[in-house]
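With chain A fixed as given, assemble chain B onto it according to the hints.
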Amino acid sequence: MAVAKALSTREEVVKERVGLTSNYAAAYAVKTVDVDVIAAYPITPQTTIIEKLAEFVANGEIDAEYIPVESEHSALSAVVGAAATGARVFTATSAQGLEFMHEVLYIASGLRLPIVMAAPGRALSAPISIHGDYQDIMSARDSGWVIMIASSAQEVYDSIIMAYRIAEDNRVLLPVMVSYDGFLMSHTTEPVELYHEEYVRKFTPRNLNRPRLDPRKPMTIGVIASPDWYYEIKYQAINALKESKNVIKETHNEFNKAFGTNYDIVEKYMLDDADYVLITYGGASSGNAKEAARRARERGLRAGVLRLRLFRPFPTDEVVSAIKYSKVVAVVDRALSPGNTYEGPVFNDVVSALYNKGINKPVISVVHGISQRTMLSDDFYNLYKKLDEYAKTGEYPRKTIFIGLRGGEA
Amino acid sequence: MMKQLTWKDLPIGGTVVEPGNARRNLTGSWRTERPVIDQDACIRCRICWMYCPEPAILELKKPYATKAGKRYDLTYEIDYDHCKGCGICAHECPVKAIKMVPEVTG
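Protein chains in written order, with UniProt numbering: chain A, 1 to 410; chain B, 1 to 106.
The following block holds chain A by itself, in its conformation from the complex (with noise of 0.2 Å):
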């Protein structure tokens, strides 16, 4: 995490090493930035989030209001008050709890409130399951939020700290969505280097310039607009978002500067000479995927990953710049996008940026880990076995393979 260069400072920064899950990284994160309104409701995989803050809440470690609601769609609805008076707001969900806030989702952006919202991925129903994957984010991919998706508790604890400075700044002023693996990230332990709350408070200062809503000033926000006017508000917002990624890199790069990191908002893993590529998200995937590729170098296979860091704007320039010169290309989904051409949906995303360069290379799609179906190192050795395969043969899947599926596909 901590590059050498900057290694002074981060040990100047860094106040404690503590054990944490990425949940409870969350947590801290929320601490350290000094909130003032925090409202959410308990739905697994993220509920120990918000126990953790209901605890500091309760323990006079923060100065916030917490909101107890009776639902998700409550949750969201009270923070964007809040936001709407200029308040620093938090709240969490996952999987039916983000699908019930989805309404409100649309409303946070178009409304333009930084409201800051973590959210461990978790497979939607039916069947009923509490597992990990990012069917929920997928289906927030179109609400207008900047998404970010971390693969560590470090991260997570990071990301949050960025995305209150990405949300808060006036060329953006828009909600960001901080996710990562249900379960295999929200539940599991990792070391997480804590900062010391004067530096954290420095980088995300309290300079909120929008309008916001004071009896002594009165205004109105959320009126209707009617045909004349809302393809304008609707395009102000879709161009912040798309400007944003300008904010996200600089962010990221004055808290590499502030904190010794090393963030990008995509993450390269020996991809320099790769050949074979696999485009992933979240952490257990990348994790994996970053073992596969070391084996299969070590067996003579030109291997790399392509982590997304950023999700949403999609980092176009930054995708196809890295696997420009790459024989094969597999992006692997946690998500399905049931009836498209291609069921992963990420892949859409990644052939939409490689055309829009003008580049026609073989990209392959590939699904894997649904509802935490377990991801073996294996698979992503074996699949860059096959994406060898494939380059020798010079025949490629012209449908998304399915990894793991008992009994194969159709």
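Nothing false has been slipped in among the hints.
Cut-off 35 Å, straight-line C-alpha distance, at most; resulting in silico cross-link-like pairs (DSBU-like, lysine-lysine):
(1) A:K268 / A:K327
(2) A:K217 / B:K8
(3) A:K217 / B:K3
(4) A:K257 / B:K8
(5) A:K245 / B:K3
(6) A:K399 / A:K357
(7) A:K234 / B:K3
(8) B:K84 / A:K217
(9) A:K234 / B:K84
Calculated from the structure, these hints are not laboratory results.
Owing to the predicted nature of the structure, the values given are computational and were not obtained by experimental measurement.
For chain B alone, coordinates are given in the frame of chain A:
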């Protein structure tokens, strides 16, 4: 002609930063029929004033004497800038003192 606003000119998130500006949103142009009050038939019961959803019925402190010699302190008039012509007042009027008249004739 007024310069057309673009998406760049709108307040962020469609926020209305100026309170009370809905007063400038004149809805009278929506009307196809206008209510007309027969002041002699009107019994000043205030029902139209209560039911008007806009509200476009004005309650004015304006004395009025009917042809029959009855004197009232109040007069009800229509605010045609805001009346959308929904006809609720005419429907609710217990003495049928309000008529809906086509906005455009001929």
